[in-house]
Structure formats: structure tokens, C-alpha cells
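Student: Below, each chain spelled out in residue letters.
Protein chains: 2
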Amino acid sequence: MATLKDIGLAAAFNIGSAFAFFLAFAILKIQPFNDRVYFPKWYLKGLRSSPIHGRALVKKFVNLDLQSYIRFLNWMHDALKMPEPELIDHAGLDSAVYLRIYLMGLKIFVPIACLAWTILIPINWTNDTLSTVARIKNITASDIDNLSISNIPQGSQRFWAHIAMAYAFTFWTCYVLLKEYETVADMRFHFLLTERRRPDQFSVLVRNVPPDPDESVSELVEHFFLVNHPNNYLSSQVVYNANKLADLVEKKKKMQNWFDYYHLKFARNNTKRPFIKTGFWGLWGKKTDAIDYYISEIEKVSEEIAAERERVASDPKSIVPAAFVSFKTRWAAAVCAQTQQFRNPTLWLTDWAPEPQDVYWPNLAIPYVSLTLRRLIMGMAFFFLTFFFLIPITIVQSLASIEGLEKAFPFLSHLLKIQFVQAFIAGVLPGLVLKLFLMFLPSILMIMSKFEGFISISSLERRSASRYYLFNLVNTFLCNVIVGSALQQLKSFIHQPPTEIAKTFGMAIPMKATFFITFIMVDGWAGVAADILRIKPLVMFHLKNLFLVKTEKDRESAMDPGSIEFHAREPRIQLYFLLGLVYATVTPILLPFILVFFALGYVVFRHQVINVYSQEYESAAAFWPAVHGRVIMALVISQVLLMGLLTTKAAALSTPFLIALPILTIYFHRFCKGRYEPAFIRYPLEEAMMKDTLERAREPNLNVKSYLQNAFLHPVFRGDDDRDENEMEEIMKWENESDLVPTKRTSRRTTPAASKIGSSTPSSQHEGQMVP
Amino acid sequence: MATLKDIGLAAAFNIGSAFAFFLAFAILKIQPFNDRVYFPKWYLKGLRSSPIHGRALVKKFVNLDLQSYIRFLNWMHDALKMPEPELIDHAGLDSAVYLRIYLMGLKIFVPIACLAWTILIPINWTNDTLSTVARIKNITASDIDNLSISNIPQGSQRFWAHIAMAYAFTFWTCYVLLKEYETVADMRFHFLLTERRRPDQFSVLVRNVPPDPDESVSELVEHFFLVNHPNNYLSSQVVYNANKLADLVEKKKKMQNWFDYYHLKFARNNTKRPFIKTGFWGLWGKKTDAIDYYISEIEKVSEEIAAERERVASDPKSIVPAAFVSFKTRWAAAVCAQTQQFRNPTLWLTDWAPEPQDVYWPNLAIPYVSLTLRRLIMGMAFFFLTFFFLIPITIVQSLASIEGLEKAFPFLSHLLKIQFVQAFIAGVLPGLVLKLFLMFLPSILMIMSKFEGFISISSLERRSASRYYLFNLVNTFLCNVIVGSALQQLKSFIHQPPTEIAKTFGMAIPMKATFFITFIMVDGWAGVAADILRIKPLVMFHLKNLFLVKTEKDRESAMDPGSIEFHAREPRIQLYFLLGLVYATVTPILLPFILVFFALGYVVFRHQVINVYSQEYESAAAFWPAVHGRVIMALVISQVLLMGLLTTKAAALSTPFLIALPILTIYFHRFCKGRYEPAFIRYPLEEAMMKDTLERAREPNLNVKSYLQNAFLHPVFRGDDDRDENEMEEIMKWENESDLVPTKRTSRRTTPAASKIGSSTPSSQHEGQMVP
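Line by line, the protein sequences are chains U and V.
Here my numbering is used: the first residue of the first sequence is 1, the next is one more, and so on.
Here my numbering is used: the first residue of the second sequence is 1, the next is one more, and so on.
Mixed in with the good hints there might be a few duds.
One copy or two, it doesn't matter: identical chains are merged, so the pair holds either way.
Stated by the list, open to error - Below, a list of computed lysine to aspartate or glutamate pairs in the DMTMM-like style, where the Cα atoms sit at most 25 angstroms apart: (1) K673 / D351; (2) K544 / E565; (3) K254 / D292; (4) K328 / E686; (5) K328 / D692.
None of these hints come from the bench; they were simulated from the model.
Sequences are here, hints too, so could you generate the full structure?
Tutor: So, in C-alpha cells, the structure goes:
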């Protein structure tokens, strides 16, 4: 068991590394050539221009202003300065509410920590159970354990304090949760009421349009809604299966990149035209002139794209049985989205249309029966992934051992005899395999969610997040409390009575406090601090800048602002809620470490949200019910574990008082679900009507139909066309003249603004590019 | 263990008693003076008139046609003769679909029984495990056990046959369930489309109207819906808290009955005016002339009613924050019922309006917060009722012992010394107490559901049914499989691992087969046969006929047609599904007994539905999803128990093959839920629009507003008024002249027709009786 001194050492080390990260960040950030890596959001918004222009050559790349080095923690202050309404305006509601999760952590745990330190720690401290035991058994008790519940003798009356505290903590947590739910729901309503006109406010997505031998999908949809929503129906937009087309466009883009690369290479060194081999991966095959080759390839693909575009537009088979249906008013859209249209509830399914940017196009055509089957398969797959993931890992690890490698790749045997290589394989590889798997886990879960058939990116992320949380709960929390694989845990769940399980876990909880304290410091302190450095985007940007960037526009697309990545980050925050709630009554000394995590995370991610991340979509905080639900789950787990622990402590009389807690907590959850969850799923008619009325008063002559015309066109049919043509022209031009003319046009294809303001005038922008 | 001979004896006895009931029924039924007891539905429909008029005096009361005694089982044929569409027309969809539950039992179990008898019984029979064991241990194995799975040796390969059969039975059951769900959903849509115009088709019930200092509830409702459903809103009807008024009306009715009684007594014996004592229960107090007393009392109550009616109509406090809102079209009502109106989802709650007859008025004013709290309390109360009900029963039983009674009522000690009384108390009373409790259980559960705040009688019955099923599952099924109280079962559930529980129950299952066979015969055969006798209504009718009936109209209200009583009967049918599915693979010999139950039940209740029961309301088979869900639950239980049983049989290799079954079954349930349940909860807009369009074409000049005017008035404000006045006049008339003039007017207050046709013209009928 670690002593306070050990913990202090670890803390010093982790604080040190966190500071090192911050220092590195501060230095890298103020170098002008990194400006686009650390402030991409401002570029995307068009509010910041490159500091490189119009400076001395050295100053273009290195910051020589020494003062700015001294104020290296100033960014924290800047990040906290922006008020919340401005933040919502700047980064969207999703980001602002995401930050509130950290804030909620502080709100919950600051009072709990104060209470626990003033009441529970003295109560635990003023016993001598452990020191007596230690004296008898001649071992030294750790200081941490002296401060935990373990120090209280069996059957002591002091446990009443812990029970009272469990009640107090539960009530306080529920109170904060309730207030937060209320606030977020209000913020959402306010956001929806004040946000600009968006096409999805007027539209629903109808899926599973039944096949009809006599009518096309578009006619069918039009007739159905003209009959069933006679005064409200406005227009409809069928969905094309343009996955192949999208692939081709993607391919062309890649070619374009290569062309840019060789083009730039040639431009810099005008003497030698670059050559490439056309075979596999450019490793063998005929040698040709790279620029000519890519020009011809791009032309070829462009022709293919044109042909495919023609085919998609004319072939009725490329129309999937789904459509975006738009209505004259938001009220009518709200009505259609919330009601059942057809007697068979699996046909003519209507849902709110996601934002155009949020649509996950490949999933729009999945039929209902297949949907439930896909959920079943993925449910089972997730079960196996959670409890059996160690099996393939172990196989890979055994393969990655020295003997395994020798067998698989005999030609490596010489290499494997080197001492250093042996040490690396034995010591590092197994851990690396596991680490790699865990790194890719969110992506794996994301692929699983995609297979399940969700139709918007936001819902994909929400589903992945909930799965990731469960995985973490089993494999990070439970497996570390009782050492053993998830499979062993599963066996004990099946073969042990529930009371026994609660006891085993409850007993193990206090012993694992030091482990989790170290975990919090490494993962929560240093990890969060490392996030701000953005090492991968930094490297990628400079590589791209070196090899691909030709124009300002290219430089813009070389920036990778990233996004919050809700599906990967939120479940990890939830782990800290779980740890905090479980240890609040058991080992309160853990709480300050959690507080530091929440505070640090809040500042760091507030900075990132303001300066870096660019959200792809705006779901108006639709994830909050899931966040709330997971905190409730953590609360119930903490109560059950405390019950188990107290049972083993022979506090039999007091334990029954704890049974009421989980019941009350679950009841509270159901109350919140009924009271607040509809705000995140449905759109009240009153709000819709209010917004319609306001709009009618403000813009009486608004033509909604033309506004909505091409809002829900597949992205490959949209505005990108003109860019393509522009580029082709450019290429042709280059063929003729050979000097670069950087265009002034700024592209906003993937800007965060697009997500909020975006398609406010798409009809004028994309006029004439609709599918014929 | 019982042998086949014992079972045969019991079967003979129960078949005998069933026949005795049928014989008694046949004899009683064809006596003219019982006609109203056994054919009340036809009287209520006005399709049958009393056979007493215009016959010889003897023939009026006793049937002397000997031929009709011979054809004493003819009613079965008559009951089966009526085709289903006619049955729906005659008795409503609820009754017709209720009968389909028995039919579904036959559809599921006839093929299962055939398969099990041809395959499983030979496989079980051709072993000699039990006879070997018996020879060694010198006991005789019962024949029943030789036919069951117990006869197969440990670890035999023959268990594969049982596993294959488990799969076959599951697939067949699911197939039948799917087909039935589909059929019932179609029947419901067809019924809704073709049924007559009903006020609830145009109306929604809005609850939790928020208080407003400036506007009355009625103004508030009108404004809110005029704003948010501008083109569709038609009218609204506030809800009065008329519970006190309803009590007064009830009191007046009672007085009226007593008046009728004494009035009739005096009319028969004109010499002596009847006297009563006005004190407690008529036991002491001043002696007065009974007729004069009741006349003055009735007048007094009438005045009170008038005053209360005035108060309710004028006092704004008697208006509860709820209202029935009617729309111009069914489409608009469907929209309003399925959408959220207000940003706070606990205010302005809209739901389909129940049928006017179906409304449970006292619950309309319960606020949302209180609703969730009530559910929590009742959930806990039900938990305690299920697992701890034996505790109060035991207390009452100990009180009902000889010592207990002697202590409580010392003055009875002489009586308690009589041998016969002692035997009665010791032998019969404890069982009687339990029996009484179980008899009143459905009523207790109904009161609990009422407390929970459901607003329609149909939903009250559905909730009670699901609770009754769970109670039966625990206390009839589980507690009989493993002898022990529910409390002991609960303890083992908590303290044993789940696999252990499945094993214990699985092992006990085959041993309990003979017990359940006897149970099926007593409860399922003789019990169902006894139902047709209608002993309680028979006695009550003749008593009322003797003492109260004055006119034809009174005779009509003396009939007690009863109803299906879904909440008490359906859960008991479900027990047979459970037994059938559990024993299908284990002891197939039980199946024919189940088949007899379903066949008998189908015939008996088809007769009752056609000739007797009068449904209070029509929910259009809204209970089917619950029926379906409970059969699925039985299926899963049967699979888990089989798994437990096979584990103990050392068929370890084969058991894992069974794990897929519950997973597939639950997946099937989820599929059905998604596919068919919405048909029972929502009303698709297409159907509503179709019905609206048809109606507009047929009756272009229909005035919906006047049609709906008073449809949702509290029953005490409705048509009964004219009856009251009529009666007062009658009483006054009697005061003057002394001979009876039976009125020809037939009242249809509680007719079944009212439920379907009912208020089709209430505006003309109740004109002028609305609240001032």
C-alpha cells in the first residue's frame, strides 16, 4: 500500500509533466508558423488572417517577443473570460453544454469534498483499528488507509456517519443534476427559438417508403403527403444512393492532392520533371511523367464522375425509398415528425430531419426489419467485445512474442536474436498491442454504430459514447477493483448471488484507492494537459504545408481543427464521476484529485473549444439525457457498493437504511426522464408556432420553397462542383502558364459556421447545380 | 406420486362435476322466470321481450316442454354458430378479441401436443431409469413420471430430442403469436374505420392546465388551442369536480330503492302502512311511517343535489385543471393527441380522450408530480403485497384460531366449546381467510390502480391485470413448484446465484406435474363450467325481483349482466399458457388437460359474451399487447427452466444450445413491439384522414360542434335528470291515486349498445340539461 509520501511523489511528477506540456504549448502556440494549428477556428470563421504576411522573414516563423513567453499561462485567463452566451454564439450549443459537464463535476464534488473532509476524515482518523492490526501483525498501515473507512472497527456506531453522508451526497448530487437538467433544457429551448432559420426546422425525413409499381418514389411521397397533410405540405427531396459517386469524388480528390504535390515539386525545382511508377503503390511498373499522368487520371475520373452522376440522376434504382419532406411551417414539420403516418408503423417512418451536415447518408436506405436485426447482432457483438476482448488480444500478444514471431516470419530470426529487440518484444509489445486496441476502441464502436443504421452523425456519436462507457465501466473500473479479466467477472456474476457480488466488490473498493489516485493523476492530469499540445495535428499540418499547400485555400484545408469527439471523451469524464461518487464515502482523500481533473479539463477544453475545435454538426445538446443517465448510474453503483462494504463491516443494523437510496435515486431518474427528456426528443407545438409567428411578422414575403430547394441534396451533388470545375480550369491554366496565382476565394465547406449559419442561402449559392 | 389411475379418478370426478354444472345450467336457463338472468344482453339490446307475458300461469315460470330438456347441450352449438364479424357487431371488439385468447391457446397447443405425444413420449417411455431406481430402492415409480423427462438417464444423448422440440415449440408459438398480433391489429383498424361516429374520435383530454390568475380554465384552454391549433380547434369542455354531487345522486338512488320497497309492500298489503325506525341501521330510534319518511328524505336530497349542482356550476374552484378539447376533424385530434404541446412536458398533457363511458372521472385532476409519486408508492406496495401478503394472512389466521377468538371475544367462549364449531374453526377458517383474500385480490389491485391515477376504466383494468398476473406467477406458480412462501423465494433470489435458482426450479418442475394436472382439472374444468351458472346474479335478481321491482324498467335495472372482467380473468388464462409451455418439453402428458381447458373456456365464454355480458366500454382490443407480452414472458420462463433442468441432468454439452432461445424470443418480442404495438397506442394520420374524407363525402352538412356539445359532461349532469323528475312526479302521483301504471319507456342508461352506438345523438337527447 502506498503511503502519503508515495502519492506526493507521484503527484509532483504528474504536476511536473502537466506543467511541461503547458510550457511546450505556450512556446509552440506563439510561434507564427504554428498559428493555424492552435487557432484554426478563427481562420475558419474568417476572423483571423495569417500572421506570416508582412513581417520580417525570421519573425514570420519564430516569435521573438520575450514578454509573450513570460505570460505563458495567460491562455487560461483568456479561455475563462468569454461569457457563456458569447461562447454559444461562437462555438455552438453542443460545445458550450459539453463544457458544462466539467462544470457540473465541480458543482457536485466541491461541496462533497468539503463535507467529507470536515466530517468523514476526522471520524476515520480517530480510530486505531489499522494500527492495532499492524502492531499485532507487524506490518505498517498506510496513511491513506488510516483516513479511509477501513480504519473503523467492525460493527462500530460510527458507520452511521457514513450512511448519513451517503444520503447527503446523494441528495446533493441529485439536486445539482436536476438544476443542470433544467438549465440545459432551457438553454436548448432558447437556442432553438433564437437560432437562425435552418432547413431542418421545416423538414422531416421519411424512410421506408413502400415500393409502388406505378409511381416513382418522388411521386409517391408527394401524393402521400399531399393527401395526409393537405394544407401543410410544401416539397420533397428524394435521396439518391450516391455512395459510388462519393467514392469517385473522393478518389479524384486524392489524385488532385498528388497532382498538387508533384506540381509544387516541379514549381520549386523547375529543371526536372518528376516521374513516378504507375504500378502497385508506386513501387514498380512503367515510369511516366507524374504531372501528365495525374492530369490524365484526373480527367478520366472526372469523366467517370460525370457518367455516374448522369446514371444516378436518371436510373430509378439509384433512388432509395427515403425522402426529405418539407412543410410550409415549423408547426407542420413538428406535427409530422411526432405522429405516425401509416397503419403499418414500419412504413412511412417520419423523424426529424437531421441538420444537412449531420446526415449520415449511407444509412438512409436500410429497411426496418434489417434495422432490428442489425441491433440484435451489434448488441451481441458488443457483449462479446466487452467480456471477451482479451482473447484476441492474448492471441495477438502470444503471436507478438519472440517464439511467435520466429515461427511466423522465419526470415526475421537473425534480427530477433539481438538483445535489444528481444527486450523490446518481451517488455513493450504486449502492452503496446493492448494500448493500440484501446486507442482504436472508439473507432471500432463507431463502426458498430454505423452498422446499426443510425442516420445522423450526432446519434452515431451518442450511441458509441454509451457503449464506450459500459466498456470502461466493466474493463477499467470493475476489472481493476477486483483484479481479473472481464470474463472472470462475468462468470462470478452468473455463479454468485447478487448480495455476494456486492460484498466482494464493496470489500475491495477501499484497497484500490491508491491505484485510482495514481490513475487519475496520469490519465486525468497529465493526459488532459497533453491534449492541449495537439501533437498529431501539429505534425500533419507542417507535413502538408511542406508538400501539398499551394494556395491559401489549400492551407486552410490542411488545418485539422478536429472536434470535441463526444463519443471518445465524454465516457472518460464519466469514469471520474463514478470514481468520485464511489470513493466520496469510502476514501474521501481521493476527492481533491478529482477536483483538479475537472478544473483542469474545464479550462483546457474551454480553450480548445474557443480556439481550435470546429463542430461538424449542431445537435442542440441532444446528448444531455445520456450524460444525466450515466451520472445516475454511477450514483446507484456507488450506493450498492457501499451497501456491500457495510455488510462486510458487520454494520448489519445500519445497512437496511441504505436500501432506500437506490430506490429513491432510480425514482428521481424516472421523474427527470418524464419532466425533462421530452425537451431533447420532441419539439413542442407551442414553440414551433411561436417561431413561425415571429418569422411571419418579421419576413412576411419569405419564400420558404425556394429557400429549401436544395438543402437536403447529397453533398456530392452540391456546391463542390464549381470548385471542381475551378480546379480543372486551374490545372489547364497551369499547363499553359507556369506561375502561381493564389485565389482570394475562401472556401467554407467544412466551417463550423456552416453548421450554424451554413445553408441559410443555399438556393442562391447552388443555383443550377441540382440533379437534373 | 400419483399414478395414471389416480389421475383418471380425479378426471372422472371433475368431468362429472362439470357435467353437473352444465345440466343445472340447462335446466335453469329454459325456465321463463330465469330468462333475464341468462339472456340479459338481448334484453338490454331491446331484441328480446319477457316470455312471461301472455302465457298460462304455470308456463310463465316453469318450462314444461320436455323436448327442450333433452337438447341440454345445444347452447354450445348455438354459441359457436355466430360468425366473428357478427359477434363483433353484437358484443364489441373487446369481447371478440378476448375470446381469441382461448382460440390462440388452442392454436398454440394442439400442434405442440401432437408433436410432443408422437415424439417426446416414446422417447421418454423407452427408458428404464426410473424403474431401475425403483427396483433398487424398492419403490414404485408412477406412470406419469415414466412418460416425463425424469425417465431419461443422466447425460443421455436423447436430450437432443428435447432441445430440438424446445426450438420447434418456440418457433411455433412465436409464429402463432405473430399471426394473431397481425390479425388483431387488422381487426382493430377495420373496427376503427367502420365504427360509427363517436365523440372521442374528435377529442383529446388535456390535463395539468397551468393555473392562471387572469383567466378561467375554460378561457385558458380555448386561447391556448386557438393559438396552437388555429385551423382545427372546435370547442372545449371543462371538467367539474363533481365527486360530491355523484355521491348525493348515489344516495338518492338508494333512498329511491327503499321507497320502492316499502311502496310495493304497502301496495300488496293495503291494510297496514309500513313503519321503520330512523336510527342506526334501522335498529332503534323513532318509529315513523316509512313511505312518508322516504318521500321527505328524497325531497331533501333532491334539494341538496340542486344546491350542489348550482355550486359546482358557479364555483370556479370546482373546475379541475383539465378539459376535453374537440377538433373539427379526426386528423386534428390525432395530431394533438400524439404531439407535445408545451415546452414543459408535464403541463398541457394531451392524450386521446377515452370513450365517455370509459372515463374514470375522479382521477382527472391529479397533477403530474403526484402521479409519479403515486406510481412509486404503488410499485412498492405491490412488491410488499406479492412477497409479504402471507404475513397479515397468518396474523388473521392465528386470530381466527380457537385461542385467538376466545381472547378477542370472551363472551363467545361457550359457543367455542361446541365440538362442531371447534372443528369448523380449526379446519375451515384458515383456508377460508386465504380464499377470501384471493377472491378480493382483483378488487384490491383495482383500488391500487385507481390510486395510481389512470383516467379510463379500460386502462385501470389493464394495469390490474398485469399486476394480478405477476402475483399469480410468484404465488401460484413459483411457490407451488418449490414449496415455500413468496418471501422464502425472494430470499433465495437474493442469496443464490441465478444459475443455482434456475437449477433448483428446473429440477422441481417434473415432480410437480401431477399437482398441476389436478389444479387444471379443478380450476380450469369445473371452475369454468361453474361460471356459466351465474349463481350470484341469479340469486340477486330473484331477490330484487321480489322486493324492489315495480315496473319493467326496474326489472331491467335489476338484471346484472356483468362483464368479461378482463382484470380478473385474463391473468388466470395466462397461467395455463405458462403451464403448457413449461411442461410441453418436460411432461407432455399435461398438454391434453390444457387443451380441454382452452376448448371449454372458449365455448363457455362465447356463450356468455353472446347472451350475458354487457361491456361497459369499448377499447378496441387495446389489451392485446399485454396479452402478447405475457405469453412471451411464459415462453422465456419455460426456456430458462428447461435450461436449469438440463444442467442438472448432466447434459452439459447440449445446454449451451438453449441459450440462444431466450435471446431470440426477446428479440422477437422487440420486433413485434416495434411492428404492431403502435397500432394499439397511436392513431395513424392516414387512417384519420381517410375516415374524415369518407364522412365529408357522406354527410357534407354535418354539424360536428352541436354533435359534440355535451358528449364529455360528467355523468351526473347528464340525461338522468329527466328520469329523476319523472320519478318524483310518479311518487307524487302515487300519493294521490293508488294503482300502478307501468311506464312503457325503456331506459338505456347502461346498455352495451351505449358503448358502441351510445351517444351518437346526445345533443338532441340531452338538450337543455347542460350545466348552466
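Student: Hint by hint, which ones does the structure fall short of?
Tutor: none
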